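Q: Residues per chain, in single letters:
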Amino acid sequence: MARKTDAVTELRRGAFELALLAYLNKEADFGGAIIDGLEEATAGGFTITEGALYPALGRLEKKGYLQPDMRKEIEGRKARKYYSLTTDGKERLKELKNAWLPLVEGMNILFGDDNNE
Amino acid sequence: MSEIDNYLKQVRKGMRFVSGSNKTSFCNELGAQFEHRGSLPQEKPVALGKAMRQVYGIGMFYRIILIITAFPLGVLSTPMIGSWFPGVPINLFLLLSLMWVFLAAYFGGRWSGLFTGISAAVPRVIALIIFTIGLDFINQFFDSFEVSEGDLGLVLITSLLLPIVGFFAGGRIRRPD
Numbered sequence: 001m002a003r004k005t006d007a008v009t010e011l012r013r014g015a016f017e018l019a020l021l022a023y024l025n026k027e028a029d030f031g032g033a034i035i036d037g038l039e040e041a042t043a044g045g046f047t048i049t050e051g052a053l054y055p056a057l058g059r060l061e062k063k064g065y066l067q068p069d070m071r072k073e074i075e076g077r078k079a080r081k082y083y084s085l086t087t088d089g090k091e092r093l094k095e096l097k098n099a100w101l102p103l104v105e106g107m108n109i110l111f112g113d114d115n116n117e
Numbered sequence: 001m002s003e004i005d006n007y008l009k010q011v012r013k014g015m016r017f018v019s020g021s022n023k024t025s026f027c028n029e030l031g032a033q034f035e036h037r038g039s040l041p042q043e044k045p046v047a048l049g050k051a052m053r054q055v056y057g058i059g060m061f062y063r064i065i066l067i068i069t070a071f072p073l074g075v076l077s078t079p080m081i082g083s084w085f086p087g088v089p090i091n092l093f094l095l096l097s098l099m100w101v102f103l104a105a106y107f108g109g110r111w112s113g114l115f116t117g118i119s120a121a122v123p124r125v126i127a128l129i130i131f132t133i134g135l136d137f138i139n140q141f142f143d144s145f146e147v148s149e150g151d152l153g154l155v156l157i158t159s160l161l162l163p164i165v166g167f168f169a170g171g172r173i174r175r176p177d
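Here the protein sequences line up with chains A and B, keeping their order.
Position one of the first sequence corresponds to residue 1 (our numbering), numbered consecutively onward.
Position one of the second sequence corresponds to residue 1 (our numbering), numbered consecutively onward.
In silico negatives: residues of chain A with every beta carbon more than 12 Å from chain B:
1) Val8
2) Leu18
3) Ala19
4) Asn25
5) Lys26
6) Glu27
7) Ala41
8) Ala43
9) Gly44
10) Phe46
11) Thr86
12) Lys90
13) Glu91
14) Lys94
15) Ala99
16) Gly106
Listed next, the in silico PhoX-like pairs over lysine-lysine satisfying Cα-Cα at most 20 Å (straight line):
17) Lys9(B) to Lys78(A)
18) Lys62(A) to Lys90(A)
19) Lys26(A) to Lys97(A)
20) Lys90(A) to Lys26(A)
21) Lys94(A) to Lys63(A)
22) Lys62(A) to Lys50(B)
No wet-lab data here; the hints were simulated from the structure.
For clarity, every value in this text was computed on a predicted model and none was experimentally measured.
All C-beta atoms in this analysis are idealised placements derived from N, C-alpha and C, irrespective of residue type, glycine included.
So here's chain B without its partners, still in its complex pose (with noise of 0.2 Å):
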């Protein structure tokens, strides 16, 4: 393998994640460097690879696999769950589903960490919404169920904050250096 091969290479493992055309696109962008100067980059290759994940963002796969992955994580969050199941850690899932919101904001921009947001938040407003309409209705199955408005408000605040971090984080922690 050929020392700018090698450099490619290891260029390649810094931009894990990155949609494969933007890959492609930036080392041959190098290689034609190369051609041209003769010498390769003076940066370390893998760091050169992050620096670039940074502009570009992680692809569109990695995206939609942390929006999807966020849904069960709101769900298992929701404190009506901690009601029956009452062995769920939903306060470990509200903060794993916040991690979750992060990390989608930190390695895919702003819009990702919006809908990573509204995934995971998403079961927790019907949850919501089905316990405050519905609580006469399912009490008739589960006797004396109650929530009160305190938990309500409390996880309609958690659940609306969420989408609201994913976006303003994912502006804040990809800004430009």
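With the rest of the complex left out, here is chain A (with noise of 0.2 Å):
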């Protein structure tokens, strides 16, 4: 059942799918490193735990945006879950952007010289 959120928390929520996309769309990744890169893609922008990070890529597994693929790189260890972008993935990452950009600029003129306190 959804919890009471705040706006911050709704913030990032929503923009947590696109960065999601957009991080796997460069490269297939797994969660671990998916965690580390994000946050390092990102200038620190985005620092995600297990408990957003694992739910968020079994929904978009689920309906066809990742597409996973297992690899044992490293005998003797776990095999690791790679996941990278569907073509409907690479559609939805291009229907977000189409909206999230116009509305960064849009919020960027509207806080002006507040940008830079």
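Combine the two chains into a complex, taking the hints into account.
A: What follows is the structure in structure tokens.
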């Protein structure tokens, strides 16, 4: 059941799907590495935990936006589940990006000089 | 038992009723992450397991159990049963059928809700057809048995509502956060 959330959480949640799709569009990656990679790629803008990441990956996979691929890279270690974007995933990314960019530009104009504060 | 094994055991507990293959797949994924990062996830394991149960839903076995058990609940909620056996609390069984449908929708999603609703509605619709078509025949055995049009309409509406509610509730309740 959905919990009550504040506006900041809502904002982050809304952007999370886009961030995840954009990150995985660059290269396929697995759970643990996505947490570190996303944080690095967004210069600390997206700090996520497993509790947010795995359910999101699961939902995107169920929707057909992500394609999992099991790879055993190191002998004696567990196989890693790499996620990459499907064609539908790329379409979804395009759709979200088209909605996101004008929004950010508009908000930046709205904030104006406040951006430097 | 190592730290990660203990954590994964708790995750599995949170994923109760999820199919074994999904549980194993997710625990392997977490295990691989532990090997990579060298630290346990920050979340409480049971909470993480429950979050994943929301994604996967309950296993097929449990969905089928819910669908099958909805049928007798539907039978016992038929108003005509109450006419023959006044002791049967048909409204209570109708309420239970509805709760069963919600349960299936919550844990299994919209298709599970739909099929559980259909399973509960089928005996009610069969009873409706029998009592509409065969009332004269039935009255050969049960003297002066009467069912008003209002009763029949009510049975039809509530029967149709069960699968509809299951389908839409499943879509709403299990909608991603």
